[in-house]
Amino acid sequence: MTENCDFGRYRSFIVPPFCITLRKVGIKGRRHLVVDEVRSPPYRPWSPLIVIGNRKSGNNEGELVLRAFRAY
16 MTENCDFGRY RSFIVPPFCI TLRKVGIKGR RHLVVDEVRS PPYRPWSPLI
66 VIGNRKSGNN EGELVLRAFR AY
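In the numbering used here, the protein residues as written are 16 to 87.
None of these hints come from the bench; they were simulated from the model. All of these numbers come straight from a predicted model, not from anything done at the bench. Treat each hint with caution, since some may be false.
The following label-pair restraints were derived from C-beta to C-beta distances [claimed, not checked]:
id, residue 1, residue 2, range
1, 18, 45, 37 to 47 Å
2, 74, 43, 35 to 45 Å
3, 66, 39, 23 to 33 Å
4, 79, 24, 21 to 31 Å
5, 25, 54, 13 to 23 Å
6, 74, 34, 28 to 38 Å
7, 63, 43, 29 to 39 Å
8, 44, 18, 32 to 42 Å
9, 19, 52, 16 to 26 Å
The beta carbon of each residue, even a glycine, is placed where N, CA and C say it ideally should be.
Can you make the complete structure from the sequences, with help from the hints?
Here it is, written out as C-alpha coordinates:
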(Lines of atoms letter the chains of each structure in order from A; the text may use other names.)
(Lines give C-alpha, C1' and ligand atoms only; values in the text may rest on other atoms or scores of the structure.)
Protein backbone atom coordinates (compact mmCIF):
# COMPACT_ATOMS: atom_id res chain seq x y z
CA MET A 16 0.00 0.00 0.00
CA THR A 17 1.63 3.27 -1.11
CA GLU A 18 -1.12 5.68 -0.10
CA ASN A 19 -0.33 7.79 2.98
CA CYS A 20 -3.05 8.74 5.47
CA ASP A 21 -3.29 12.49 6.16
CA PHE A 22 -5.89 11.91 8.96
CA GLY A 23 -8.48 13.89 7.02
CA ARG A 24 -10.50 16.68 8.55
CA TYR A 25 -9.78 15.46 12.10
CA ARG A 26 -5.99 15.76 11.84
CA SER A 27 -5.85 18.65 14.32
CA PHE A 28 -7.35 16.34 17.01
CA ILE A 29 -5.33 13.16 16.32
CA VAL A 30 -2.01 12.30 17.94
CA PRO A 31 -0.18 10.60 15.04
CA PRO A 32 1.74 7.41 15.85
CA PHE A 33 4.99 8.90 14.51
CA CYS A 34 4.83 11.60 17.24
CA ILE A 35 4.81 9.10 20.13
CA THR A 36 7.91 7.54 21.64
CA LEU A 37 7.42 4.43 23.80
CA ARG A 38 9.77 2.74 26.22
CA LYS A 39 9.73 -0.61 27.99
CA VAL A 40 9.49 -0.66 31.78
CA GLY A 41 9.31 -3.43 34.34
CA ILE A 42 11.28 -6.57 34.94
CA LYS A 43 11.87 -9.37 32.46
CA GLY A 44 8.70 -11.33 31.81
CA ARG A 45 6.47 -8.50 33.09
CA ARG A 46 7.56 -5.66 30.83
CA HIS A 47 5.09 -3.27 29.31
CA LEU A 48 5.24 -0.13 27.21
CA VAL A 49 4.70 3.39 28.51
CA VAL A 50 4.55 6.68 26.65
CA ASP A 51 7.93 8.38 27.02
CA GLU A 52 7.38 11.44 24.83
CA VAL A 53 4.73 13.08 22.64
CA ARG A 54 6.02 15.51 20.01
CA SER A 55 3.95 17.98 18.00
CA PRO A 56 3.29 16.95 14.40
CA PRO A 57 4.75 19.03 11.55
CA TYR A 58 1.46 20.80 10.82
CA ARG A 59 -0.52 23.57 12.49
CA PRO A 60 -2.98 24.17 14.13
CA TRP A 61 -2.86 21.14 16.42
CA SER A 62 -5.15 20.72 19.45
CA PRO A 63 -5.09 17.02 20.33
CA LEU A 64 -8.08 15.40 21.98
CA ILE A 65 -6.94 12.89 24.59
CA VAL A 66 -9.54 10.53 26.04
CA ILE A 67 -8.91 9.01 29.46
CA GLY A 68 -11.31 6.47 30.91
CA ASN A 69 -11.30 4.18 33.92
CA ARG A 70 -12.51 0.81 32.67
CA LYS A 71 -13.11 -0.56 36.16
CA SER A 72 -15.21 2.11 37.85
CA GLY A 73 -18.94 2.68 37.79
CA ASN A 74 -21.03 0.58 35.46
CA ASN A 75 -18.19 -0.04 32.98
CA GLU A 76 -19.21 3.09 31.10
CA GLY A 77 -15.53 4.03 30.72
CA GLU A 78 -14.97 0.77 28.84
CA LEU A 79 -17.87 1.58 26.49
CA VAL A 80 -16.50 5.05 25.75
CA LEU A 81 -13.00 3.72 25.09
CA ARG A 82 -14.40 1.02 22.79
CA ALA A 83 -16.31 3.66 20.84
CA PHE A 84 -13.15 5.74 20.35
CA ARG A 85 -11.11 2.71 19.31
CA ALA A 86 -13.72 1.82 16.68
CA TYR A 87 -13.04 5.01 14.74
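Hints, one by one, checked against the model:
1. A hinted range of 37 to 47 Å holds for the C-beta pair residue 18 and residue 45, which are about 39 Å apart.
2. In this structure, residue 74 and residue 43 meet the distance hint of 35 to 45 Å, their C-beta atoms being roughly 37 Å apart.
3. Between residue 66 and residue 39 the Cβ separation comes to about 24 Å, which falls inside the hinted range of 23 to 33 Å.
4. Here the CB-CB span from residue 79 to residue 24 is close to 25 Å, well matched to the stated 21 to 31 Å.
5. The supplied range of 13 to 23 Å is met by residue 25 and residue 54, whose beta-carbon atoms lie about 19 Å from each other.
6. Between residue 74 and residue 34 the CB atoms are about 34 Å apart, so this pair conforms to the stated range of 28 to 38 Å.
7. Separated by about 34 Å at the C-beta atoms, residue 63 and residue 43 satisfy the suggested range of 29 to 39 Å.
8. For the pair residue 44 and residue 18, the beta carbons lie near 39 Å from each other, so the given range of 32 to 42 Å is met.
9. One distance hint, 16 to 26 Å for the beta-carbon pair residue 19 and residue 52, holds here, with the actual separation near 23 Å.
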